[in-house]
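**Q** Take a look at the letters that make up each chain.
Protein chains: 2
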Amino acid sequence: MKARIYIKLKPEVLDPQGKAVSGGLRTLGFDGIKDVRVGKYIVLDMDEGIPAAEAEKQVKDMCEKLLVNTVIEEYEFKIDT
Amino acid sequence: MKARIYIKLKPEVLDPQGKAVSGGLRTLGFDGIKDVRVGKYIVLDMDEGIPAAEAEKQVKDMCEKLLVNTVIEEYEFKIDT
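Chains as they are written, first to last, in the numbering used here: chain H, 1 to 81; chain L, 1 to 81.
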């Protein structure tokens, strides 16, 4: 069972890495870019036996306790069975 | 129009950051974890006027030229109109 977690900075938090990527893309001639945000993408490979509701609870817990800095970041996740 | 790009290390490439996260989760008592891979999640905010096929071509180009190291990383993307 795989859990895919998408973490990005909250919209009100400045993203210098995104700004740098945006500048790089413009230098390469890509003009249609308004904004770039760079975040993290985490794939967890979990034991198959865990019931879906329990897995969901566990992943939320992992995000809040370790993976996400909830002061400046927001997250979503998706579990494929 | 938003393009969401998901970048991760190829399966055969060692992921020390993923190993560290996996160790951290185990230390916190999460036992059901088999593997963790840490990648990047990039959200591009693009001009609305670009036709979907053209946007797709541009994002692919951006990935190959700047955003992804295709030697060790693989990517997928999704464009929301």
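Treat the hints as calculated values from the structure; they're not laboratory data. None of these values were measured; they are calculated from a predicted model. Yeah, the Cβ is synthetic: ideal placement off N, Cα and C, and Gly gets one too. There's no promise every hint is true.
To be verified - Here are some of the chain L residues that sit facing chain H, going by a computed Cβ distance under 10 Å:
1) Y6
2) L14
3) P16
4) K19
5) G24
6) D35
7) V38
8) Y41
9) V43
10) M46
11) D61
12) K65
13) L66
14) T70
15) V71
16) I79
Stated by the list, open to error - If you want the ones that stay clear, here's a sample from chain H, every Cβ over 10 Å from chain L, calculated:
17) K10
18) V13
19) L14
20) P16
21) K19
22) D45
23) D47
24) G49
25) A52
26) D61
27) N69
28) T70
29) V71
30) I72
31) I79
32) T81
Claimed, not checked - Listed below are the simulated DSS-like cross-link pairs for lysine-lysine, each with C-alpha atoms no more than 27 Å apart in a straight line:
33) K60(H) - K60(L)
34) K60(L) - K10(H)
35) K10(L) - K40(H)
36) K34(L) - K19(H)
37) K65(L) - K40(H)
38) K65(L) - K60(H)
39) K40(H) - K2(L)
40) K34(H) - K2(L)
**Q** Tell me the hint numbers this structure goes against, listed in increasing order.
**A** Violated: hints 2, 3, 4, 14, 15, 16, 22, 23, 24, 26, 33, 36 and 38.
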